[in-house]
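First to last, the protein sequences are chains A and Z. When we follow UniProt numbering, the leftmost residue of the first sequence carries the number 1, and every step to the right adds one. When we follow UniProt numbering, the leftmost residue of the second sequence carries the number 1, and every step to the right adds one.
A couple of the hints might just be wrong.
[Unchecked claim] Reference listing, derived: stretches of chain A covered by chain Z, where coverage requires no fewer than 3 residues with Cβ under 8 Å from a Cβ of chain Z:
| # | segment |
| --- | --- |
| 1 | 56-67 |
| 2 | 114-124 |
| 3 | 135-144 |
[Unchecked claim] To give an idea of the interface, some chain A residues facing chain Z are shown, with a C-beta separation under 8 Å as derived from the structure:
| # | residue |
| --- | --- |
| 4 | 82 |
| 5 | 94 |
| 6 | 131 |
| 7 | 147 |
| 8 | 182 |
Quick caveat, the hints were computed from the structure, so don't treat them as lab data. Every value quoted in this text rests on a predicted model; they were computed, and no experiment measured them. Built from N, CA and C at the ideal position, the CB exists for glycine as well.
What follows is each chain in one-letter form.
2 protein chains.
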Amino acid sequence: MLSQPSNYTNKFSEFFEPALLADLEASAMLMEIKSGTTMLNVGQSIKALPLLVSGAIKVSRMNEEGQELLLYYVKEGESCAMTFNCSMLSQSSVIKGTAEEDSILLCLPVKVMDEWMVKYPSWKRYVMATILNRFTEIIKCIDEVAFKNMDQRLVSYLKEKSKITGSTVLNLTHQQIGDDLGTNRVVISRLLKKLENDKKLLIYNKQIKLLKDF
Amino acid sequence: MLSQPSNYTNKFSEFFEPALLADLEASAMLMEIKSGTTMLNVGQSIKALPLLVSGAIKVSRMNEEGQELLLYYVKEGESCAMTFNCSMLSQSSVIKGTAEEDSILLCLPVKVMDEWMVKYPSWKRYVMATILNRFTEIIKCIDEVAFKNMDQRLVSYLKEKSKITGSTVLNLTHQQIGDDLGTNRVVISRLLKKLENDKKLLIYNKQIKLLKDF
DNA sequence: GTAATGCGGTAACCCCTGTTACAACTGCAT
DNA sequence: ATGCAGTTGTAACAGGGGTTACCGCATTAC
Chain A
1 MLSQPSNYTN
11 KFSEFFEPAL
21 LADLEASAML
31 MEIKSGTTML
41 NVGQSIKALP
51 LLVSGAIKVS
61 RMNEEGQELL
71 LYYVKEGESC
81 AMTFNCSMLS
91 QSSVIKGTAE
101 EDSILLCLPV
111 KVMDEWMVKY
121 PSWKRYVMAT
131 ILNRFTEIIK
141 CIDEVAFKNM
151 DQRLVSYLKE
161 KSKITGSTVL
171 NLTHQQIGDD
181 LGTNRVVISR
191 LLKKLENDKK
201 LLIYNKQIKL
211 LKDF
Chain Z
1 MLSQPSNYTN
11 KFSEFFEPAL
21 LADLEASAML
31 MEIKSGTTML
41 NVGQSIKALP
51 LLVSGAIKVS
61 RMNEEGQELL
71 LYYVKEGESC
81 AMTFNCSMLS
91 QSSVIKGTAE
101 EDSILLCLPV
111 KVMDEWMVKY
121 PSWKRYVMAT
131 ILNRFTEIIK
141 CIDEVAFKNM
151 DQRLVSYLKE
161 KSKITGSTVL
171 NLTHQQIGDD
181 LGTNRVVISR
191 LLKKLENDKK
201 LLIYNKQIKL
211 LKDF
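The whole structure should be built from the sequences, with the hints applied where relevant.
Right under this line is the structure:
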């Protein structure tokens, strides 16, 4: 059983002014999301703005043929930039959002977030900072896809994954990695094997352990 | 010799409320930019917000090794989303902006654009719409780079170029195209030749003519 | 136990694309 | 006219990585 929003809004107390925090408590709805839940799919319209209290959300692009590509993660204290945009202009989404872990989030009605842009300077700052961060991360993603080889992308991916989970043991199948990087399972197996030979990691069943000099 | 801003702000009269237009006239500085001028480079800080009256700006990503990749164009009546973000948070740019044609733009001090977010609903809408459009275009760019082959990317590129210039005759060298798509000149020559054989276009020196069934 | 399913290892194959090299051609400068 | 710089055509080669196929192994269901 979850307690009231008031216990969770303090995750945001470093960004938000007191009046905004109070308003947030009053307006937001607390939600619990199980790992793996798809919260938003391509083409859906956006009904509420999620502020992440704990856990992590994976944001990815899916093309028409169902191929996927990981864009970035939304972490604690963060929110989704696309949602800001889409909700303010009542457009539908071009991306997919999935809970990477069990997550807790505060859901805000779209209406209030627009009002708050005018009312609370700290909210405006937060929204702008979030948008800029996402832009930067998407640009990073473009750099990877456009200029880097698959082996480098795989290494970046595993590092990021390790950072997100806070562990050097990653519970991942080769297929899952391939999906996130928009490539084939065999390619990933091949590259992982090479990394194992180079003593960068160890491969187990559905599990990868990163070694010290990864 | 350029006339006063007042003659140019009407490009924006469809988006902006009258009071904002008046304020724009008072605050903006009119600038003329020659084709090929680099207006913003990676690592630079942003001093002013450009609103494009006429012409077109090419926005691209450059990586550390100097490889380039075209992201999108800013056209008449539009502005640059990254600039909004960076200027509001006083961050430096991660992208490059170059005048694609001779262009005229209104330059706004960073300070006022922040105030206007609160003051003018139509400004807030414009900013948000711009940001969303850019997001969408960058996602499109990711789709291309991640999922499409070079021949498909080349076709998209030429179509876009034709739309921007409003002509089916494009004054481009193969090298320039290669730079925009982040690839090698020889690759472009090869693919163009194939398109010429397929009767999609004609190749001249420093010039390409798109045919009807392109 | 056995069967079924999913995961991982490996080989073989091929296409796309990046790279290098060189020749032919254009246009401009002198 | 000659030379030079920039542009284009083409061949040849190499490597990355996408694809298919098949096998062994682990896990779960029955």
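*Does the nearest C-beta of chain Z fall within a distance shorter than 8 Å of the C-beta of residue 82(A)?*
6 Å, holds
*Verify the coverage statement for the segment 114-124 of chain A against chain Z, using a C-beta to C-beta distance below 8 Å and requiring 3 or more qualifying residues.*
Satisfied; 3 residues make the cut.
*Hint status (Cβ of residue 147(A) to nearest Cβ of chain Z, threshold 8 Å)*: 5 Å, holds
*Per the CB criterion, is residue 182(A) less than 8 Å away from chain Z?*
Interface hint status for residue 182(A): holds (5 Å vs cutoff 8 Å).
*asked:* Can you confirm whether chain Z covers the segment 135-144 of chain A, using C-beta to C-beta distances below 8 Å and requiring at least three such residues?
replied: holds (count 7)
*Interface hint outcome for residue 94(A) [beta carbon to chain Z under 8 Å]*: 6 Å, holds
*Given residue 131(A) as an interface hint, is the shortest Cβ-Cβ distance to chain Z below 8 Å?*
This hint holds: residue 131(A) lies near chain Z, its Cβ roughly 6 Å from the closest one there, short of 8 Å.
*Please count how many residues of the segment 56-67 of chain A have a CB within 8 Å of a CB from chain Z and say whether that reaches 3.*
holds (count 4)
The structure is consistent with each of the numbered hints, conforming to all of them.
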